[in-house]
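Colleague: Listed below, chain by chain, are the residues.
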Amino acid sequence: MANIVLNSVSRTFQREGKDFLALDNVSFTCHEHEFVAVVGPSGCGKTTCMRMAAGLEFPDSGSVTVGGKVVNAPGPDRAVVFQQFALFPWKTVHDNILFGLRSMGVAKAEAAERIATNLKLMNLEGYESAYPHQLSGGMQQRVAIARAYVLNPDVLLMDEPFGALDAQTRTVMQEELLRVGRANPRTVMFITHAVDEAVYLADRVVVMTRRPGAIKEIIDIKPIRDAENWQQYERIEDVMDLASFVHLRTRIWRLLREQHNPGDH
Amino acid sequence: MKARRDPVRPIIGLATMLALVGFWLVGSKVGLIDPQSFPSPDQFWAAAKQLTIGDGYADGRIHSHVLQSLKLICLGFFTATAVGVPLGLWMGWSRKAEALINPIFLLIRPIPALAWIPLAIVWLGLGDAAKVMILWFAAFVPSVINSFTGVRNIERPIIEASAMLGARGWNLIKDVIVPGALPSIFTGLRLSLQGCLTALVAAELLGALLGMGKVLYQAGLDIYPAMILAGMVPVALVGFALTALIDWVERRSMPWRANH
Numbered sequence: 001m002a003n004i005v006l007n008s009v010s011r012t013f014q015r016e017g018k019d020f021l022a023l024d025n026v027s028f029t030c031h032e033h034e035f036v037a038v039v040g041p042s043g044c045g046k047t048t049c050m051r052m053a054a055g056l057e058f059p060d061s062g063s064v065t066v067g068g069k070v071v072n073a074p075g076p077d078r079a080v081v082f083q084q085f086a087l088f089p090w091k092t093v094h095d096n097i098l099f100g101l102r103s104m105g106v107a108k109a110e111a112a113e114r115i116a117t118n119l120k121l122m123n124l125e126g127y128e129s130a131y132p133h134q135l136s137g138g139m140q141q142r143v144a145i146a147r148a149y150v151l152n153p154d155v156l157l158m159d160e161p162f163g164a165l166d167a168q169t170r171t172v173m174q175e176e177l178l179r180v181g182r183a184n185p186r187t188v189m190f191i192t193h194a195v196d197e198a199v200y201l202a203d204r205v206v207v208m209t210r211r212p213g214a215i216k217e218i219i220d221i222k223p224i225r226d227a228e229n230w231q232q233y234e235r236i237e238d239v240m241d242l243a244s245f246v247h248l249r250t251r252i253w254r255l256l257r258e259q260h261n262p263g264d265h
Numbered sequence: 001m002k003a004r005r006d007p008v009r010p011i012i013g014l015a016t017m018l019a020l021v022g023f024w025l026v027g028s029k030v031g032l033i034d035p036q037s038f039p040s041p042d043q044f045w046a047a048a049k050q051l052t053i054g055d056g057y058a059d060g061r062i063h064s065h066v067l068q069s070l071k072l073i074c075l076g077f078f079t080a081t082a083v084g085v086p087l088g089l090w091m092g093w094s095r096k097a098e099a100l101i102n103p104i105f106l107l108i109r110p111i112p113a114l115a116w117i118p119l120a121i122v123w124l125g126l127g128d129a130a131k132v133m134i135l136w137f138a139a140f141v142p143s144v145i146n147s148f149t150g151v152r153n154i155e156r157p158i159i160e161a162s163a164m165l166g167a168r169g170w171n172l173i174k175d176v177i178v179p180g181a182l183p184s185i186f187t188g189l190r191l192s193l194q195g196c197l198t199a200l201v202a203a204e205l206l207g208a209l210l211g212m213g214k215v216l217y218q219a220g221l222d223i224y225p226a227m228i229l230a231g232m233v234p235v236a237l238v239g240f241a242l243t244a245l246i247d248w249v250e251r252r253s254m255p256w257r258a259n260h
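Quick mapping for you: the protein sequence lines, in order, are chains Y and P.
When you line the first sequence up against this note's numbering, it's residues 1 to 265, in that order.
When you line the second sequence up against this note's numbering, it's residues 1 to 260, in that order.
Read the hints as simulated data drawn from the structure, not as lab findings.
Take these hints with a grain of salt, some might be off.
[Claimed, not checked] With a cut-off of at most 20 Å between alpha-carbon atoms, the simulated EDC-like pairs for lysine to aspartate or glutamate come out as follows:
(1) K91(Y) <-> D59(P)
(2) K222(Y) <-> E175(Y)
(3) K222(Y) <-> D203(Y)
(4) K120(Y) <-> E160(Y)
(5) K91(Y) <-> D175(P)
(6) K91(Y) <-> E155(P)
(7) K174(P) <-> E155(P)
(8) K91(Y) <-> E160(P)
(9) K49(P) <-> D59(P)
(10) K49(P) <-> D247(P)
(11) K174(P) <-> D95(Y)
(12) K91(Y) <-> E125(Y)
(13) K91(Y) <-> E128(Y)
(14) K108(Y) <-> D42(P)
Using the sequences and the hints, build the whole thing.
Modeller: Structure (structure tokens):
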């Protein structure tokens, strides 16, 4: 079972000598092969949730488990796609993708095959020997995703992976992610502040409140998507035109708006 | 305007050089420059000939002086950076190593390399070993500092990504830490080399048999301005050549920066 479970997680940060509660008793689960998007205003601790599942940060109280095991360190069993891509500038596209496979001890022939598959999947063929700085932002992010996918991870953690991309590229990447996810479903925790993106991609959306970060509501998308058969549409704009989509988006948007107190920026 | 493609800049540089040399040639002829304090072109050529193809000066011709100095520079530079770079990388990576070594390093760091001269003589006498020790300290400090900051300045997402991808041990050092710190390491190597050159001339004051510093020292004792000037030329050329060599190695070892 490759599920992600956050159980009553709290986390306090120190800033300017004062404690402030970043996460207050947060519990949610990403079930096996489920795509869960976490949305919330900036500073609500949604990225902290992902980083805890990654093993890059730890809760002060409560527990974070992946596949039933308490997370106590980073490791290649959970693949992360970072907001800033975090590619190795000194490695070619090929070597960036190879990096994790090598530390996992995957045999050469199999590694080559998996890299080829993922280069094709991400439309990166012909760019194997390019360095990251020679690529556009969209292509760099495709390399970062390929680097995560190639590990064949049970769990995929994505932190606003499309945030730095322009609107067109982002749309293409969202469609690709959905296509790839259908072909090879995984357990995904996807952090975003874009409501459209969350509704379009996720099976469930966790809506968080700001300061302290807590769960406002968890909204099921999958039953509605299946009932309305969003899958028949290839393009994101056709899905976003559907009344069912608009309804869900508005509902989540209202939840987020309710948190804005007057005088809040 | 792009500076790199600007054809005027090298011409201006060349013009400045020519103007300076022209001023020297003409100024010495018409008596504007006193040959007692700054040698005339004729005196300079005579000294240069003596040093290169003549009888030599200060117990040897130019090649023996340059080779002796190069030997000291290489010994000092390589032994210092071979210790300094790994030490700096280790301190940059491990907080424990930093806590362990940094106090000692903080004591050594502010001491100018030349302040080691008396101790070097007491410990190692007047031979090459004492000079290498002084060059060693001159090269050691910048190589440690820059390797250390090189590691500390690797972007945090890169470190986190390598941890998520399971990088450990030797692979982590080889694939993440060293390449990430490499630009800064090379800055350190360039400063180390500069330190070696500076310390060399001073170190060769310790009764050297041969060396570029020995030539300058002897010419100073002999009050021989033309030879002082002639002796400074190989120092400049050796410094220029070694810096160019480091630049070349730097470009070769960081192909990912080729298009910058």
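Colleague: Which hints from the list above does the structure break, by number from lowest to highest?
Modeller: 1, 4, 10, 14
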